[in-house]
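For the protein sequence lines, the chains are A and B, in the order given. Going left to right, the first sequence walks through residues 23 to 481 as our numbering numbers them. Going left to right, the second sequence walks through residues 9 to 370 as our numbering numbers them.
These aren't lab readings, by the way, just hints derived from the structure by calculation. Please note: incorrect hints may appear among the correct ones.
To be verified - DMTMM-like, lysine to aspartate or glutamate: derived pairs with alpha carbons at most 25 Å apart: (1) B:Lys345 with A:Asp69; (2) B:Lys225 with A:Glu446; (3) B:Lys225 with A:Asp69; (4) B:Lys345 with A:Asp472.
As the list claims (entries may be wrong) - Computed beta-carbon distance windows for the label pairs: (5) B:Arg307 with A:Glu428: 28 to 34 Å; (6) B:Ile112 with A:Trp62: 17 to 23 Å; (7) B:Gly244 with A:Val334: 49 to 55 Å; (8) B:Gly244 with A:Phe81: 27 to 33 Å; (9) A:Phe56 with B:Pro56: 42 to 48 Å; (10) B:Asp305 with A:Phe204: 24 to 30 Å; (11) A:Asp472 with B:Arg307: 52 to 58 Å.
If you're wondering where the values come from, they're calculated on a predicted model, not measured in any experiment. Note that the Cβ used here is the ideal one computed from N, Cα and C, for glycine as well.
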Amino acid sequence: MTGIKKSIQKSIFQRVSVYPLVTLRVLFGAVMIFSTIRFWFQGWIEDHYINPQFHFHYFGFEWVEPLAPWAMYAIHGVMILVSLGIMLGAFYRLSALVFFVLFTYTELIDLTYYLNHYYFMSLLAMLLIFLPAHRQLSFDVKWGITKATRYVENWNVLAPQLLVGIVYFYAGIAKINEAWLFEAMPLKIWLPAHSHTPLIGQFLGLEITAYLFSWAGMLYDVSVPFLLLSKKLRPYVYWVIVAFHSMTSYFFEIGVFPLAMTGVVLIFWSGKWHEKLWHKLSNLVRFAWSPSVNFNGQSRTARKLVLYSLAVFFAFQLLFPFRYLLYPGNLFWNEQGYRFSWRVMLVEKAGTATFYVKDGENGREGEVVNSEFLNPHQEKQMAFQPDMILQFAHYLESYYRDKGFEDPIVRCESWVTMNGERSELIVDPHRDLTEIEDSFKHKNWIVPHDAENTAFAHR
Amino acid sequence: MNRLILVIGAVFTLGLVSCDNDDDTDDTTQAYDRGPMLENYSQNIILPRLQDFHEKTASLHESVEALKQKTNSQNLAEARESWKQAYQSFQYCNAFNFGPGDQIDGTFLEKLGTFPPDTTQIETYISQNDTTFNNFNRNTRGFTALDYMLFNRDENATVQYLNGQNRMNYVLAVSRRIKTVTDKILADWQQYASSFESNLNVEAGSPTSLFYNSFVKSYEAVKNFKTGLPLGKRPGQQAAEPYQTQAYFSGYSNELMQAHLESIYQLYEGIGVDGSDREGLADFVESTYGGQSLAADTREQWNSVTDAFENLPQKPIHELVLENQTEMDDYYTELSKQTRFFKSDMSSKLGISITYDSGDGD
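If we strip away everything but chain A, and leave its shape as in the complex, we get (with noise of 0.2 Å):
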């Protein structure tokens, strides 16, 4: 026992090259540049953070609410900034703690635009703050804030390997359900959308075709993070990669996650590989190879604090996945459980929310119009998202409170077709949604999918 104990940490704590994580981090600064004023440029400041009157809330999170305009995009600004100090190594660490707090600010202001590869990105710029990424090729060696270094602790490089690994692996084992593996759902919707795509568009339509990518697709991210491990296959792997997310990035509006996941898998190439590419980079923009000092190992509690540390926070990305199965139900339905489990384009959701606000037992009913509330996006992802839907109703119970409602009743009554199936109520559209909390546990006022409905026909 004590013996593999001790060639763990042998092997987490002996010398690597620091040059992976120079590139991890020149790429993940330049990606996130490229992210955040792509952002900006589409308008989604506004349209995301200013312009909506209502926020969908994390659990948790409820106290996180937009600032001011000016400051919003004052924020994105110097997450500009930050992003190209992580990228030059100017202040680096500093650098990455703001921008791991700006940009997880960002994020969590609103549920509407949850994406796998934004957390992805929050967890990576989290790890960021503490791997010595500057200690080569950077303006603080230059300005003498750090002190150059050509070696670093293994675990500087395995972290991150270990996060882009689970990331792969954790979509993978997602894909594995029937839908997506017999039914081929939902590429069978969405390929044949693409039918216009030149050379290889009249394949889109065909029912094979959605098979092998979804077959494809599961095996290339169960495996990938292992294939990487081989030294031998790894470049083959690599432009698999690359058409694997050209693909995607080419068939489906997913921004900049598979330029991101084309760059940060490089953490993978050996210490050697990213020495000699820096030596020709370096080289080229004629900035000097700085001294390199020798390696000093840690302290026995200095190790420690990295071990448990690493541990708590990995033992996290691989546990809480699964909570999922702590709740009764079709997970894909039900969605509790479903967020931060790197489950990404596995299902075809979407839904007609309608809410009656009622004041009293014996008031008028009348019909919300939700796009006078809510934007376009937050409206579809509300109507198919129960803990959305019962934010909205909690929401509108105020608004009428505020209208002069003594005792606003709110009921929902949302079809939402899941992989092109037909309709059904996702929420039990007699239940008074204002009498309802959200918590961690099953929400029982969800309809289970494929319920025998009939108690709950329309009206």
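Knowing the structure of chain A, use the given hints to seat chain B on it.
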């Protein structure tokens, strides 16, 4: 490594071979060619509908000019008739609020179709002889302003009312504005048509997505604004509000609603002005997995909508909401049931993106 390439090659060949086999079977869906659909919408529906509306607005403006020349009851009757004709024709253009129909100063519908009128504000502009329309009070112009000015009083009283210089100026300015807005959208559409027809994407901002969204909004306008609001269906409304009806003063709302319903149906099916049914959203739906049954149920529900509408007495909506609430409620319920078929079921089946925001990546 060579073996790996061999395996991948084998899998793809296998895939292609089975594709060939699948071509013959019925249950394999061929990807829908959106080209003919977009061309049908553009050439057989949107352009001819705009052309027709353009002609009607020209004659509306002519008759208003004649009314200004000689403000008598005969010319008023003609102006009223051509207003009806034009407003009727406009119902078939209700969903064209994208591309040329979506400008920085508002959509085509907002510019011409906002109701009910703000009569106090209209009278204020008239007293100031202000016909600039340099403001965002869209309920002081368009068809709704003429509904008020031409129909608020009986024929003789209206002639009397219009005999003021300022009032007739305002009517003329409104009809001219209707005409210029329409001239522009028609000209712009003639330019835009080819790019509308040739872009076959379904992403947000693509012609298919823009058209589909505008179609759904047009449908929701019938339910929420033309029916729900006058019927008092909003939270906080204590009773029916007849004044919220479209064409309240002329009492022409029933005919207009019928035209709007017909236009929605024709857009869904892809039925052109010539009455022939070509490629449309319905055909696109039918081409998808399980699309046949969705299309069938969509039609069935639509029949319930039109049945409920036809069940209404032939009276203006503002009278119906007071005198025939049960039948109106039934009609409204059928419209509500229709929503999900058009809104979420259809977009989900077709794989149309509605918003620009990025999705979850893989």
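Against the structure, the hints come out as follows:
no.	hint	result
1	B:Lys345 with A:Asp69	30 Å, violated
2	B:Lys225 with A:Glu446	22 Å, holds
3	B:Lys225 with A:Asp69	20 Å, holds
4	B:Lys345 with A:Asp472	20 Å, holds
5	B:Arg307 with A:Glu428: 28 to 34 Å	44 Å, violated
6	B:Ile112 with A:Trp62: 17 to 23 Å	21 Å, holds
7	B:Gly244 with A:Val334: 49 to 55 Å	51 Å, holds
8	B:Gly244 with A:Phe81: 27 to 33 Å	30 Å, holds
9	A:Phe56 with B:Pro56: 42 to 48 Å	46 Å, holds
10	B:Asp305 with A:Phe204: 24 to 30 Å	26 Å, holds
11	A:Asp472 with B:Arg307: 52 to 58 Å	25 Å, violated
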